[in-house]
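Enquirer: Note that the protein sequences, when read in sequence, are chains A and B.
Sequential numbering from 1 applies to the first sequence in our numbering.
Sequential numbering from 1 applies to the second sequence in our numbering.
Just so you know, not all the hints are guaranteed correct.
FRET-style restraints, in silico, Cβ to Cβ [as the list claims (entries may be wrong)]: (1) Asp171(A) to Ala63(B): 47 to 53 Å; (2) Ala95(A) to Lys106(B): 50 to 56 Å; (3) Gly21(B) to Ala95(A): 40 to 46 Å; (4) Ser123(B) to Ala67(A): 52 to 58 Å; (5) Thr98(A) to Glu148(B): 45 to 51 Å; (6) Leu227(A) to Ala95(B): 31 to 37 Å; (7) Asp44(B) to Glu199(A): 49 to 55 Å; (8) Gln167(B) to Ala47(A): 55 to 61 Å; (9) Asp55(B) to Gly21(A): 48 to 54 Å; (10) Asp44(A) to Gln228(B): 48 to 54 Å; (11) Phe122(B) to Asp44(A): 45 to 51 Å; (12) Ala50(B) to Gln167(A): 58 to 64 Å; (13) Ser54(A) to Gly35(B): 56 to 62 Å.
Pairs of lysine to aspartate or glutamate, DMTMM-like flavour, derived with a Cα cap of 20 Å [to be verified]: (14) Lys111(A) to Asp182(A); (15) Lys101(B) to Glu85(B); (16) Lys111(B) to Asp182(B); (17) Lys30(B) to Glu85(B); (18) Lys30(B) to Asp165(B); (19) Lys235(A) to Asp165(B); (20) Lys30(B) to Glu68(B); (21) Lys235(A) to Asp173(B); (22) Lys235(B) to Asp203(A); (23) Lys235(B) to Glu199(A); (24) Lys111(A) to Glu187(A); (25) Lys235(A) to Asp171(B); (26) Lys106(A) to Glu148(A); (27) Lys30(B) to Glu188(B); (28) Lys235(A) to Asp165(A); (29) Lys235(A) to Asp203(A); (30) Lys52(A) to Glu68(A); (31) Lys111(B) to Asp206(B); (32) Lys235(A) to Glu199(B); (33) Lys235(B) to Asp165(A); (34) Lys101(A) to Glu148(A); (35) Lys101(A) to Asp44(A); (36) Lys235(B) to Asp171(A); (37) Lys235(A) to Asp203(B); (38) Lys235(B) to Asp173(A).
These aren't lab readings, by the way, just hints derived from the structure by calculation.
A virtual CB, placed ideally from N, CA and C, is assigned to each residue, including glycine.
Each chain, written out:
Protein chains: 2
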Amino acid sequence: MMGLVTTKRGVVMNIAVFGTGMVGRALSAKLVELGHAVTIGTRDVEALLARKESDGMGNPPFAVWQAENTAVQVGTFAEAAAGSELLVNATSGQATLTVLKSAGEKNLNGKVLLDIANPLDFSQGMPPTLSIVNTDSLAEQIQQAFPELKVVKTLNTMSAPVMIDPQAVGDGDHTVFVSGNDAAAKEETAVLLRSFGWEQIVDLGDITTARGTEMLLPIWLRLYGALQTPLFNFKVVQ
Amino acid sequence: MMGLVTTKRGVVMNIAVFGTGMVGRALSAKLVELGHAVTIGTRDVEALLARKESDGMGNPPFAVWQAENTAVQVGTFAEAAAGSELLVNATSGQATLTVLKSAGEKNLNGKVLLDIANPLDFSQGMPPTLSIVNTDSLAEQIQQAFPELKVVKTLNTMSAPVMIDPQAVGDGDHTVFVSGNDAAAKEETAVLLRSFGWEQIVDLGDITTARGTEMLLPIWLRLYGALQTPLFNFKVVQ
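Based on the provided sequences and hints, a complete structural model is requested.
Expert: Take a look at the structure:
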């Protein structure tokens with residue numbers, strides 16, 4: 001049993017973030033700022049730190065980012081998962097199931113996984129399509145592959161800067177969704193989201209409702225093109 | 001050339017509405033209220049008017065509705081299309097292409113079609129899935145089948161009461177999308193939308209962007225379940 005420290009910001013946790021791209025970096029930095037202990041998980045730590053070039057999305061080499069974010073630990077997927085009670089999936093959707101297998105089922109079981117990934121398929125050009133869609137979702141495939149994991153789909157419908165700082169857009173007057181089968185896991189997720197500044201958290205229902213949020217990506221991508229900025233989000237107005 | 005009458009509400013038009021369900025009725029009544037001449041198109045006028053039962057969605061028989069909306073004319077799809085300069089597709093997505101074929105290409109060519117339908121497939125139970133999705137859309141299939149028709153996808157992302165009265169939700173502070181290949185057709189659509197009370201009209205781009213709005217239906221349906229009311233809409237917040 002881990003010792004949990006309560007601060008004025010809430011419960012401090014050991015958190016594994018899978019994925020070293022823009023989303024993984026933004027979330028890791030935010031979680032450290034909130035007082036959590038964060039380990040970023042990657043396939044090959046040495047290779048990651050040795051890389052000198054920007055990644056495919058134009059992000060600077062990880063080592064450059066890490067030098068400015070020294071509180072963030074780096075480990076293999078398995079090491080990051082083993083030492084953490086909360087898991088965040090910020091890998092590309094196409095890689096997710098492979099990543100989770102390499103993290104090891106025993107390191108995942110019983111824990112909450114925030115699934116932020118989208119099953120985007122860039123192989124047919126831009127804009128990407130979804131490789132899982134309509135009658136299934138990435139979140140459901142994760143839940144099915146790891147029945148003891150408590151998967152909560154969330155934060156997959158906005159850009160990284162908006163995920164960690166909702167006030168950056170429209171004074172925070174917009175919506176984040178949660179989908180999952182475990183009510184306590186969704187409540188734990190909501191506490192974390194509120195610590196990021198989220199005020200409008202809509203629980204859509206069980207994990208199958210993640211089809212709905214993953215299928216928001218096509219209009220998100222077109223709006224990104226029409227508005228020429230990733231700093232926007234959807235609000236559910238009643 | 002038809003004589004166009006300009007009122008303080010804008011240009012009065014002859015409009016064909018395909019579809020006799022809730023959406024077709026709501027739009028027809030609103031268009032009449034705005035001063036337009038509306039003909040509802042249906043497959044078999046006599047059968048429609050003879051029907052004594054509610055339809056599959058629980059709407060009262062059409063004849064009951066028509067008795068309270070006597071200004072709305074009724075005709076076959078072809079008759080409605082032939083006499084109109086603006087067309088509205090409010091049929092079920094599964095029926096749309098058959099309906100448009102029966103309206104007759106010569107009655108469609110050169111005209112603007114507002115496509116409000118979604119390709120919902122109820123055959124596998126609830127919630128429905130999409131029968132066209134991800135790499136294609138109903139709107140694109142219509143545009144491809146009738147190249148001379150100016151298809152504008154719009155109003156397919158909210159319930160009928162919100163379509164015709166955006167102020168009914170959040171003082172109208174939410175978004176309607178338009179997708180289409182013809183800029184003038186989209187502008188004509190925007191004029192009509194503004195006459196309904198729409199203020200936030202977002203042009204997503206060409207007709208392929210209709211994939212994005214049709215793929216909003218899964219989350220719309222889940223929100224309908226979570227919120228227990230169809231009186232909501234999405235707002236794009238910047």
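Enquirer: Confirm or reject each hint.
Expert: Going down the list of hints, with the structure as the test:
1. Asp171(A) to Ala63(B): 47 to 53 Å: Given about 51 Å between the Cβ atoms, the range holds.
2. Ala95(A) to Lys106(B): 50 to 56 Å: Between alanine 95(A) and lysine 106(B), where Cβ atoms are some 52 Å apart, the hint holds.
3. Gly21(B) to Ala95(A): 40 to 46 Å: Hint holds: Cβ distance 44 Å, inside 40 to 46 Å.
4. Ser123(B) to Ala67(A): 52 to 58 Å: Hint holds: Cβ distance 56 Å, inside 52 to 58 Å.
5. Thr98(A) to Glu148(B): 45 to 51 Å: The hint (45 to 51 Å, Cβ to Cβ) holds, given that threonine 98(A) and glutamate 148(B) are roughly 49 Å apart.
6. Leu227(A) to Ala95(B): 31 to 37 Å: holds, 34 Å
7. Asp44(B) to Glu199(A): 49 to 55 Å: Taking Cβ atoms as reference, aspartate 44(B) and glutamate 199(A) lie about 52 Å apart, which means the hint holds.
8. Gln167(B) to Ala47(A): 55 to 61 Å: Given a distance of about 57 Å, which is inside 55 to 61 Å, the answer is holds.
9. Asp55(B) to Gly21(A): 48 to 54 Å: holds, 50 Å
10. Asp44(A) to Gln228(B): 48 to 54 Å: At roughly 49 Å between Cβ atoms, glutamine 228(B) and aspartate 44(A) fall inside 48 to 54 Å, so the hint holds.
11. Phe122(B) to Asp44(A): 45 to 51 Å: Holds, at about 48 Å.
12. Ala50(B) to Gln167(A): 58 to 64 Å: About 59 Å separates the Cβ atoms of alanine 50(B) and glutamine 167(A), which means 58 to 64 Å holds.
13. Ser54(A) to Gly35(B): 56 to 62 Å: holds, 59 Å
14. Lys111(A) to Asp182(A): Within the cut-off at roughly 11 Å; holds.
15. Lys101(B) to Glu85(B): Roughly 17 Å separates the two Cα atoms, so the pair holds.
16. Lys111(B) to Asp182(B): holds, 11 Å
17. Lys30(B) to Glu85(B): Distance of about 17 Å is within 20 Å: holds.
18. Lys30(B) to Asp165(B): Roughly 9 Å between the alpha carbons, so the hint for lysine 30(B) and aspartate 165(B) holds.
19. Lys235(A) to Asp165(B): Distance of about 19 Å is within 20 Å: holds.
20. Lys30(B) to Glu68(B): Distance of about 13 Å is within 20 Å: holds.
21. Lys235(A) to Asp173(B): holds, 10 Å
22. Lys235(B) to Asp203(A): holds, 18 Å
23. Lys235(B) to Glu199(A): holds, 16 Å
24. Lys111(A) to Glu187(A): Holds, because 14 Å separates the two Cα atoms, which is no more than 20 Å.
25. Lys235(A) to Asp171(B): holds, 14 Å
26. Lys106(A) to Glu148(A): With Cα atoms ~9 Å apart, lysine 106(A) and glutamate 148(A) stay inside 20 Å; holds.
27. Lys30(B) to Glu188(B): holds, 17 Å
28. Lys235(A) to Asp165(A): holds, 15 Å
29. Lys235(A) to Asp203(A): holds, 14 Å
30. Lys52(A) to Glu68(A): Distance of about 16 Å is within 20 Å: holds.
31. Lys111(B) to Asp206(B): Given pair lysine 111(B), aspartate 206(B) holds - Cα atoms ~17 Å apart, limit 20 Å.
32. Lys235(A) to Glu199(B): holds, 16 Å
33. Lys235(B) to Asp165(A): Within the cut-off at roughly 19 Å; holds.
34. Lys101(A) to Glu148(A): The hint holds at about 13 Å.
35. Lys101(A) to Asp44(A): holds, 15 Å
36. Lys235(B) to Asp171(A): With a Cα-Cα distance of about 14 Å, the restraint between lysine 235(B) and aspartate 171(A) holds, given a limit of 20 Å.
37. Lys235(A) to Asp203(B): Within the cut-off at roughly 18 Å; holds.
38. Lys235(B) to Asp173(A): holds, 10 Å
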